[in-house]
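J.: Chain by chain, the residues:
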Amino acid sequence: MLKIDNLTASVGGTQILNGISLTVNAGEVHAIMGPNGSGKSTLAQVLAGHPAYEVTGGTVTFQGADLLDMDPEVRAQHGVFLAFQYPIEIPGVTNAYFLRAAYNEIRKAKGLDEVDPMDFLDLMSDRLKLVEMDEAMLQRSVNAGFSGGEKKRNEILQMAVLDPTLAILDETDSGLDIDALRIVAHGVNALKKPTNATIVVTHYQRLLNHIVPDHVHVLAAGRIIKSGGKELALELEARGYDWVLEEAGLATGAHA
Amino acid sequence: MSTDIEALVNREYQYGFVSDIAADTVAPGLSEDVVALISRKKDEPQWLLDWRLKAYRRWLTMKEPHWPNVTYPPIDYQGTSYYSAPKSVKPLQSLDEVDPELLRTYEKLGIPLNEQKMLSGVAVDAIFDSVSVGTTMKTELRKHGVIFCSFTEAVHEFPDLVQKYLGSVVPYSDNFFAALNSAVFSDGSFCYVPKGVRCPMELSTYFRINAAETGQFERTLLVADEGAYVSYLEGCTAPKRSTNQLHAAVVELVALDGATIKYSTVQNWYAGDKDGVGGIYNFVTKRGKAMKGSKISWTQVETGSAITWKYPSVILQGDDSTGEFYSVAVVNNRQQADTGTKMIHVGRNTKSTIVSKGISAGRGQNSYRGKVHVLPKAEHARNYTQCDSMLVGNACGAHTFPYIEVENKTATLEHEASTSKIGEDQIFYLKQRGLSAEQAVSMIVSGFCREVFKELPMEFALEAQQLLGITLEGSVG
Ligand SMILES: Nc1ncnc2c1ncn2[C@@H]1O[C@H](COP(=O)(O)OP(=O)(O)OP(=O)(O)O)[C@@H](O)[C@H]1O
Ligand SMILES: [Mg+2]
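Chains as they are written, first to last, in the numbering used here: chain A, 1 to 256; chain B, 1 to 477.
No lab work stands behind these hints: they were computed from the structure. Check the hints yourself; a few may be wrong.
Claimed, not checked - Partial list, derived from the structure: chain A residues whose beta carbon lies under 8 Å from chain B:
id, residue
1, Ala-48
2, Pro-72
3, Gln-77
4, Ile-90
5, Val-93
Stated by the list, open to error - Here are a few chain B residues that sit away from chain A, every Cβ distance over 10 Å (derived from the structure):
id, residue
6, Arg-40
7, Asp-43
8, Leu-53
9, Asn-69
10, Glu-157
11, Asp-225
12, Lys-351
13, Thr-353
14, Ala-395
15, Asn-408
16, Lys-421
17, Gln-432
18, Gln-439
19, Phe-448
20, Glu-451
These numbers were taken from a predicted model, which means no experiment stands behind them. Every residue, glycine too, gets a C-beta built ideally from N, C-alpha and C.
Given the sequences, and given the hints that come with them, work out the whole structure.
T.: Written out as structure tokens, the structure is:
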């Protein structure tokens, strides 16, 4: 589904990604871990097409098409979804209005009819249940005044509504309380299908107890320096990153 | 991100067409003779001519104001024509007699004048250049005792009402442009809602400037008698021309005891091109007088004009009266706006609310200028002011000039202000959810303006939101 080949990217003239290669197949869950500042969010933003990041080399193929050639909204319409590490506030625009606009754009791109507000509300009430969120959230402005945890849950609500083919969750677990973590993980699992895939960026093994990855990758200094199965995450949890960094010939203790 | 935005920015002004209509236009220049000529063309009573002449003589002694935060080359008042009327507008018995080209013009503007085609619930008075070309739903309104007609018609049919209230809120001596308007105004709308009547439909005036080198000077007078209610909408468009045209209107609102007037404007005069060539100079005086327990609410969405100079105000004359001002002003390219309000608290327990949203894009300059004045007798007056600016890009400007004068210690005033920038991150976030750049910008901006839009009647709110989108398209990059 997704094939990243030797991807390099820079921001503000500084090279951050130094040749990333990664293949994600339909039905898989990949976890990306790594020290602060190693480039995890950069990778996520580059895949989503943030204009501040410049791709300097490599290719990304998504469902056979050149992903890097698409505008961000076209990527979204093709099913790429990014749950932001820091979700953005849009004051004055209700969650309901925003979500319906997004939902309809994606439907239009697929050649489907727009849904009217009533039908959309039905869909919403179902999706809200999945992430155990209150209806009242729909009438609040997008992320404005939301607590850190509410913002993260709102990202998963959006994911549940937009039903992406490839979901990239950038530290969605950070800032969630224990119950919320379980709810979010449950939501992500419920959305899993053989035809879609998930990349979870996380620092903590505890999320991976709920969302069990097929592959775990360690990203450091803008490269994937080690890949393994779900047991790699446990090992990292127990031993930290130094040993992997050493194996890769990188200076240790390079936490930002 | 900027290529699709470029294309959008350069999108044509939709209402910029010129209609080919035979017009009766007075030669440029202003003198007592011209004032008298206008009055004669309209077959006016002597008192009105006298009033015009007093205004003209006063105007001669006044200087054009230069305190607004706008710049423009000197206006040649002798180079402007002060009267232009579509030739066919003699006394019309029905809309069928209106020049079909004129009806087509209004159709293009999306304003149906044909009564059969009227959306139920809105009565329209259409002002073409200086003259009212037709008022719809008159008969229906008359059943309720509501008078809604052109100003000229009102002068003939309801001279007492006109004479009683004309200039009672904005005297001819009020300011330079109001004096000019008083001398040469050619038409406008008049509305009177009798005691205790709730006007059964929205009233609406559409202004259209068509002729070149013509100033437009219309006058609106709206009186809501005791306990009456009326909601009034005003829309404006003009053709694209490379010369600047002067629009100096006066609007007077009178809310008698316990009455409510809601006055909404969506102003979309031609704004000039992206280099600032052409466009309307919109120098308008709007003011309401609120008597005991009454309420006057101004809502404006200002997207057009090269220059906007406009301060819809309320004199809170009666005890327990309320004044409101909800404003969205957008400037893009080379547009300049200096707009705001004045709330003059005269009576006791008077209350005013000001919500101003200024959006600046391109090289636009947007100034909020507002005055809250609490007079000595205004016990327990309250004002809440919220004044927010949003910047789109780096070449634009937002300025705020609040003036507060409090002469009574029991007053409570609250003022909040903010300036924000539309961020690349906000746009990206929305694009990541599948929305285009233009949808993203218009969604962010309408969110910013939400408090104001929700004051507009439904049909207008949608129109305003779309206009905003069009005005700002291509402004991010
Ligand atoms: N817009 C930017 N301007 C300048 N530097 C940036 C920008 N975005 C990221 N960087 C730098 O790129 C590096 C990688 O950042 P990134 O956010 O991808 O790290 P991360 O792996 O997601 O870290 P964390 O675990 O803390 O979220 C950091 O050194 C960061 O400071
Ligand atoms: Mg990160």
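J.: Would you mind marking each hint as holding or not holding in the structure?
T.: These are the hints, each one checked on the structure:
1. Restraint check, Ala-48/A versus chain B: the minimum CB separation of about 5 Å is within 8 Å; hint holds.
2. Hint status for Pro-72/A: holds, given a least beta-carbon distance of 4 Å to chain B, under 8 Å.
3. A hinted interface residue such as Gln-77/A counts as satisfied when its beta carbon comes closer than 8 Å to some beta carbon of chain B; here the least separation is about 5 Å, so the hint holds.
4. Given hint, Ile-90/A at the interface with chain B, holds; its Cβ is 6 Å from that chain's nearest Cβ, closer than 8 Å.
5. Hint status for Val-93/A relative to chain B: holds, with the closest Cβ pair at about 4 Å, below 8 Å.
6. Residue-level check passed: Arg-40/B sits 53 Å from the nearest beta carbon of chain A, beyond 10 Å.
7. Non-interface call for Asp-43/B relative to chain A: holds, since the shortest CB-CB distance, roughly 51 Å, exceeds 10 Å.
8. At roughly 50 Å from the closest C-beta of chain A, the C-beta of Leu-53/B stays outside 10 Å, upholding its exclusion from the interface.
9. Every C-beta of chain A lies more than 10 Å from that of Asn-69/B, the closest at about 27 Å, which supports listing it as non-interface.
10. Residue-level check passed: Glu-157/B sits 46 Å from the nearest beta carbon of chain A, beyond 10 Å.
11. No Cβ of chain A approaches the Cβ of Asp-225/B within 10 Å, the least distance being about 37 Å, so the stated non-interface status holds.
12. Separation of Lys-351/B from chain A is adequate, the least Cβ-Cβ distance of about 24 Å exceeding the 10 Å criterion.
13. Chain A leaves Thr-353/B outside its interface by the beta-carbon criterion, the shortest separation being 18 Å against a cut-off of 10 Å.
14. For Ala-395/B, the non-interface assignment is confirmed: its Cβ lies about 19 Å from the closest Cβ of chain A, beyond the 10 Å cut-off.
15. Chain A leaves Asn-408/B outside its interface by the beta-carbon criterion, the shortest separation being 35 Å against a cut-off of 10 Å.
16. Remark: the non-interface label on Lys-421/B is consistent with the geometry, its nearest Cβ contact in chain A lying 13 Å away (cut-off 10 Å).
17. Consistency note on Gln-432/B: stated as away from chain A, yet its beta-carbon is not over 10 Å from all of that chain's, at 5 Å minimum.
18. Against chain A, the non-interface label of Gln-439/B is violated: not every CB pair exceeds 10 Å, the least being about 7 Å.
19. Chain A draws Phe-448/B into its interface by the beta-carbon criterion, the shortest separation being 6 Å against a cut-off of 10 Å.
20. Its beta-carbon lying about 8 Å from the closest one in chain A, Glu-451/B breaks the requirement of being farther than 10 Å from that chain.
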